[in-house]
Amino acid sequence: MSPSLDPQEFAWLCTFLRNESAIIIDETKEYLVTTRLAPVLKELGLKTLSELLTQLKRRPLTAVHQRVIEAMTTNETSFFRDLHPFDTLRNDILPELVKKRGGAGLNIWCAASSTGQEPYTIAMVLREAFPDVAARSKILCTDINNTVLERTKQGLYTQLEVNRGLPAPLLLKYFDRKGQEWQVKEELRRMIDARVMNLAIPWSGVAMMDIVFIRNVLIYFDIETKRSIIGRIRKNMALDGFLFLGGAESLLNIDSDFARTMAGKSTLYKRAA
Amino acid sequence: MLDVSSEDIASIVHAVFQANFELWAEQTAPPGDAPQSISSSLVGIAGNWDGAVIVGCTPAVATGLAATMFGLRRDEVQRDHIEDTLGELANMIGGNLKALLAPPCTLSLPTVVEGRDYRVRVPGAAIVRDLHFDIAGGHVRVLVAERGSVGEPSPRKAA
Amino acid sequence: MRALVVDDSRAIRSVISRMLREMGYSVTEAGNGREALDQLAATGGCPDVALLDWNMPVMDGFTLLGELRKDPSYASMRIMMVTTETEIDRMQAALAAGADEYLMKPFTPDALRDKLGILGLSQAA
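Chains as they are written, first to last, in the numbering used here: chain A, 1 to 273; chain B, 1001 to 1159; chain C, 2001 to 2125.
There may be inaccurate statements among the hints.
Stated by the list, open to error - A few chain A positions that, by computed beta-carbon distances, are all more than 10 Å from chain C:
#, residue
1, PRO7
2, ILE24
3, GLU27
4, GLU43
5, LEU53
6, SER78
7, LEU160
8, MET208
9, THR225
10, SER250
11, LEU251
12, ILE254
13, LYS265
14, ARG271
To be verified - Computed list of lysine to aspartate or glutamate pairs in EDC-like fashion (alpha-carbon distance at most 16 Å, straight line):
#, chain 1, residue 1, chain 2, residue 2
15, A, LYS173, C, ASP2100
16, A, LYS173, C, ASP2089
17, A, LYS173, C, ASP2110
18, A, LYS235, A, GLU249
19, A, LYS178, B, ASP1008
As the list claims (entries may be wrong) - Covered by chain A, per the in silico footprint, the following chain C stretches (three or more residues, Cβ under 8 Å):
#, stretch
20, 2088-2098
21, 2101-2108
Worth flagging that the hints you see were computed from the coordinates, not collected in a lab. Note that CB positions come from ideal geometry on N, CA and C, so glycine has one too.
Let's have the full structure, built from the sequences with the hints guiding it.
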């Protein structure tokens, strides 16, 4: 493993990441820098993080900068991560919204969707419960990292990835074996709409959302950026829509125009009346 | 003919070491001088394709891998721990290779083999893939041996 | 909660059993299907979950799966295949024969915990 950075270099890297991607890394997350950037060093044939920093300090921005941002922003993910949110989606949220919308397609947004396990989990849950509605629904996947979105569009997963959290009957029903990898079937892939997006910057052209998943994403941002992102998401949601956060997250002190609600074993948010 | 590339096999080996040991398997050129001693295990594949997968590694790596699998300190690792660990590695690599072959094929139970002249152990077979890896500072070799042609009588099962 | 781990590899039994014990399970191990059936008959009762390898000497895991599903005294047992047999037709056959889950080798500790979670067995309280 490459020797760690001195405090000055580490501070420079934190500022770089903050400016370019609005991600907050502090000294408690130094391990994150070392583990995430080790493969980047290898790819570039560099020995130490200091050598990498020398390249990052050059302007204009290059593929190296892009690669570092991607490595630092790729979220660890798995199918049916935490289980409960998807039980709640299946048992409470989908039946309510499908009824209210009279069977029309739903607009669902996975913010910072990484390699796509969460949107495909939602697609499978929707398809299993309401196949007709699923065929008319769209799942918007956004991420700052175009590489993970390309993978999401292809729907290709390694065996180690499909081992993680995906019930075997759903693997058999919705995936085809492609050599060593497994590919999501076309019927689910066509529900996906993937777009590169930096949540910290105002967006446009996003449909009014019925359901938004933004799980374990806000931790990367400072309080002002959190407020700004959540505020803009709220304005992009139907009045009776639902917002899912990560299990340990809340909107306390971030947005008082969302009301907390419980469904099944999950805490989620609705726009305050 | 074996319709599975060296890249496919390398990718299986990567997954096996990553999942079981959180170790990075760095593919390398064959080492200049052959390792002094090596422990190996073998699984046979029979059916539409006929051959074997042999996994060998230097003693220090083998001891480390067995220690991880059995939750032991290195100095507690015995010969049978190493044999069992190598057998399971051959089973995982062979099983995942089998999944890439045209069916039907069956996998034999793993056997531990001794020595470096694998042809002695896999009669009538030629080495068709030979991959080397640097794992945790030690050497791991994965060989795929293929028997002549389908339908030719096998002198003996691999296990 | 009780778990039964059946695999001819002591290394894999060791990995799985350690993980299950950390989760609070009491674990028994067997090296093949026949040994597992004999142990079950001798100890009585029904483990909450059984994790079965496929390829084993004496009696393989698929045969054991069939034997367990034939016997009403094991009706409540959840069964997960944990195997290097990763072909689709094998998975289909195992699920059709009554397996509840299927974990492909190699697997990470997280993957095993996830699968137990799917079966509602993640906490062995």
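Hint by hint, here is what the structure shows:
1. PRO7: Answer for PRO7(A): holds, closest chain C Cβ roughly 33 Å.
2. ILE24: holds (26 Å)
3. GLU27: holds (27 Å)
4. GLU43: The claim holds: GLU43(A) sits with its nearest Cβ about 23 Å from chain C, beyond 10 Å.
5. LEU53: holds (32 Å)
6. SER78: With a cut-off of 10 Å, SER78(A) comes too close to chain C, as the shortest Cβ separation is near 7 Å.
7. LEU160: The claim breaks: LEU160(A) does not keep its Cβ more than 10 Å from every Cβ of chain C (closest is about 7 Å).
8. MET208: holds (33 Å)
9. THR225: holds (30 Å)
10. SER250: At roughly 23 Å from the nearest Cβ of chain C, SER250(A) sits farther out than 10 Å, so the non-interface label holds.
11. LEU251: holds (27 Å)
12. ILE254: Per Cβ check, ILE254(A) is outside 10 Å of chain C; nearest 29 Å; holds.
13. LYS265: holds (12 Å)
14. ARG271: Check passes; 31 Å lies beyond 10 Å.
15. LYS173(A) to ASP2100(C): Between LYS173(A) and ASP2100(C) the Cα gap is close to 15 Å, so the pair holds against 16 Å.
16. LYS173(A) to ASP2089(C): With a Cα-Cα distance of about 12 Å, the restraint between LYS173(A) and ASP2089(C) holds, given a limit of 16 Å.
17. LYS173(A) to ASP2110(C): Violated. LYS173(A) to ASP2110(C) sits at ~23 Å, over the 16 Å cutoff.
18. LYS235(A) to GLU249(A): Status violated; Cα separation ~20 Å.
19. LYS178(A) to ASP1008(B): This hinted pair holds, its Cα atoms lying about 12 Å apart.
20. 2088-2098: holds (count 4)
21. 2101-2108: holds (count 7)
Taken one by one, the earlier hints fail for this structure at numbers 6, 7, 17 and 18, listed in ascending order.
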